[in-house]
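Trainee: Residue strings, one per chain:
Number of protein chains: 2
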Amino acid sequence: MKITTIPTYEDIKRVHEAIAPYINKTPVLTSSSINKISGATIYFKCENFQKVGAFKMRGAASATMALSPEELAKGVATHSSGNHAQAVALSAKNYQTKAYIVMPSNAPSIKRAATEGYGAEIITCEPTLEARETTLKAVVEKTGATFLHPYNNYDVIAGQATCAKELIEEVGLLDVVMAPIGGGGLMSGTALTTRALLPNAKVIGAEPEVADDAYRSFKSGTMQYNTRIDTIADGLRTNLGEYTLDIILKNVDDIITVSEEEIVNAMRLIWERMKIIIEPSCSVPLAAVLQQPERFKGKKIGIILTGGNVDVEGLPF
Amino acid sequence: MKITTIPTYEDIKRVHEAIAPYINKTPVLTSSSINKISGATIYFKCENFQKVGAFKMRGAASATMALSPEELAKGVATHSSGNHAQAVALSAKNYQTKAYIVMPSNAPSIKRAATEGYGAEIITCEPTLEARETTLKAVVEKTGATFLHPYNNYDVIAGQATCAKELIEEVGLLDVVMAPIGGGGLMSGTALTTRALLPNAKVIGAEPEVADDAYRSFKSGTMQYNTRIDTIADGLRTNLGEYTLDIILKNVDDIITVSEEEIVNAMRLIWERMKIIIEPSCSVPLAAVLQQPERFKGKKIGIILTGGNVDVEGLPF
Chain A
1 MKITTIPTYE DIKRVHEAIA PYINKTPVLT SSSINKISGA TIYFKCENFQ KVGAFKMRGA
61 ASATMALSPE ELAKGVATHS SGNHAQAVAL SAKNYQTKAY IVMPSNAPSI KRAATEGYGA
121 EIITCEPTLE ARETTLKAVV EKTGATFLHP YNNYDVIAGQ ATCAKELIEE VGLLDVVMAP
181 IGGGGLMSGT ALTTRALLPN AKVIGAEPEV ADDAYRSFKS GTMQYNTRID TIADGLRTNL
241 GEYTLDIILK NVDDIITVSE EEIVNAMRLI WERMKIIIEP SCSVPLAAVL QQPERFKGKK
301 IGIILTGGNV DVEGLPF
Chain B
318 MKITTIPTYE DIKRVHEAIA PYINKTPVLT SSSINKISGA TIYFKCENFQ KVGAFKMRGA
378 ASATMALSPE ELAKGVATHS SGNHAQAVAL SAKNYQTKAY IVMPSNAPSI KRAATEGYGA
438 EIITCEPTLE ARETTLKAVV EKTGATFLHP YNNYDVIAGQ ATCAKELIEE VGLLDVVMAP
498 IGGGGLMSGT ALTTRALLPN AKVIGAEPEV ADDAYRSFKS GTMQYNTRID TIADGLRTNL
558 GEYTLDIILK NVDDIITVSE EEIVNAMRLI WERMKIIIEP SCSVPLAAVL QQPERFKGKK
618 IGIILTGGNV DVEGLPF
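Top to bottom, those sequences are chains A and B.
In terms of my numbering, the first sequence has 180 at position 180, counting the first letter as 1, and numbering is strictly consecutive.
In terms of my numbering, the second sequence has 545 at position 228, counting the first letter as 1, and numbering is strictly consecutive.
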């Protein structure tokens, strides 16, 4: 049963129960040295330990589960060279159907291999957004598979919302809940859950300065577009969608932008002090906390670490 | 009260209780993809999440705790440029006494700063073993501090033994328990605990081929010395001591040596699949398992991951 309006907390609870067999309940970690440095008490929800190495598994499982038996039989399709591709591929496998993944020809061979490893069929296209969309359309027409959008989809958003639900259920009261913003699926889900469970908490998004579509959209109240996307936080190069902008405008208290240098410094801090591998996108909320120490001093903050799929041969340090 | 003969399991239990306030009970992690690749079921005891980022904290806490009030008042001393230095510094701080750490002038400034951060006094010397020992002797004579040897010390060995104790208490029956061998403190402690708790389990050490003093000592039954130490596993360049050789000869079933390439491959596998940061020494036992798949197929194996203090600017991939 598909969710056709902004997900309620009842929707999120139902989705969480339904996808539980297919996701990891990831740990919440703290670091006394990062608390000391930041002056805050930070609870990191570690989706780098999630299946396929990223929170995207939650949304993909939710959207796949929402399909009718007839739709499910025909398979699922998406275009992605990243975590969403692997998440859709594994979800299709879990629900015993086919996944068709359109990937640009310049996608890293390791991501291609991982996606094929889950049994997906890869369709290669030219590395342009237009080619991706045209190729996907052709695949959907030919196979009858259902397109699973990576974030502009209420079932996906309800899936991503289960991450903040686990965080808050484990930690309890928080003053602030933060997530990075790319397409806005995680931010939307995080905001919906936090509003329901912690009505007094602030919901704050974080975004790279050089891909600040969400920040400008939030401040102006209308959709703005990225003019640059040359951020190291490769998961955050995407623009908001119609659904996610709407939810963010209604449920997020503020968005903070951070520089590339701040992102790398925060990433290094998490690697060195917490001994866990996170992708650059994860470190954007911590970078925001460190940028504004007075604002966050003494606060209990929940931060969602989005994933750990990083090429260890191309590190920024 | 110092332990003056090979630690009994009663000693190890007493030490564990005494040092508990000063150490983390580190998690045991598994990886379905590493299990699939190895054909075994592997339980990784994650001492990379230990205080100071390494198991050395256990031994240093144990040895500090064993001092008399008079000794404790005069402080503790050691020579080390690595994890033992930080562990002794933090232990001294915990027991409210002074630490004097002799460090070679070429020690990485980050390690020096970390050790000073715990309040230790650093005494710099020429980067030779002779200069380290001479300088340490002068420091001990001048201050009256007690020298805490990094491994040839029964209190240290009893401390390191608490790591396998936590692992076995959490996981239960294991067919094999493995640790890497440098000076042999962790291997000795691991062997003593495993013999006591799991008399039917095999205790297997793993060592780099290019620093195989323990392998050759084990096979010949007499102390052999490293002629080369140019291994990436920087924690394993040390030679066995008299106490650790004795315990290893009596309690270890086998030692496997692995190539540098096998070490790097196993390290990368843990980074990429488990999303945790480990130092190269940690990956030596997994490299041994992957080298001999038939031997370990279907076995339940406990492996101690020793630490996570690695320079992220100098990675081998």
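Wrong hints could be hidden among the right ones.
Here are the simulated PhoX-like cross-link-like pairs (lysine-lysine), alpha carbons at most 20 Å apart as the crow flies [as the list claims (entries may be wrong)]: (1) B:Lys428 to B:Lys415; (2) A:Lys93 to B:Lys330; (3) A:Lys111 to B:Lys391; (4) B:Lys391 to B:Lys330; (5) A:Lys25 to A:Lys74; (6) B:Lys330 to B:Lys319; (7) A:Lys74 to A:Lys202; (8) A:Lys36 to B:Lys410; (9) B:Lys519 to B:Lys614; (10) A:Lys219 to A:Lys250; (11) B:Lys614 to A:Lys36; (12) B:Lys454 to B:Lys391.
Derived by calculation from the structure, the hints in this document are not laboratory data.
Trainee: With reference to the structure, classify each hint as holding or not holding.
Mentor: Verification of the hints:
no., hint, in the structure
1, B:Lys428 to B:Lys415, "holds (18 Å)"
2, A:Lys93 to B:Lys330, "violated (47 Å)"
3, A:Lys111 to B:Lys391, "violated (57 Å)"
4, B:Lys391 to B:Lys330, "violated (27 Å)"
5, A:Lys25 to A:Lys74, "violated (30 Å)"
6, B:Lys330 to B:Lys319, "holds (14 Å)"
7, A:Lys74 to A:Lys202, "violated (42 Å)"
8, A:Lys36 to B:Lys410, "holds (17 Å)"
9, B:Lys519 to B:Lys614, "holds (14 Å)"
10, A:Lys219 to A:Lys250, "holds (12 Å)"
11, B:Lys614 to A:Lys36, "violated (45 Å)"
12, B:Lys454 to B:Lys391, "holds (15 Å)"
The structure shown violates the earlier hints numbered 2, 3, 4, 5, 7, 11.
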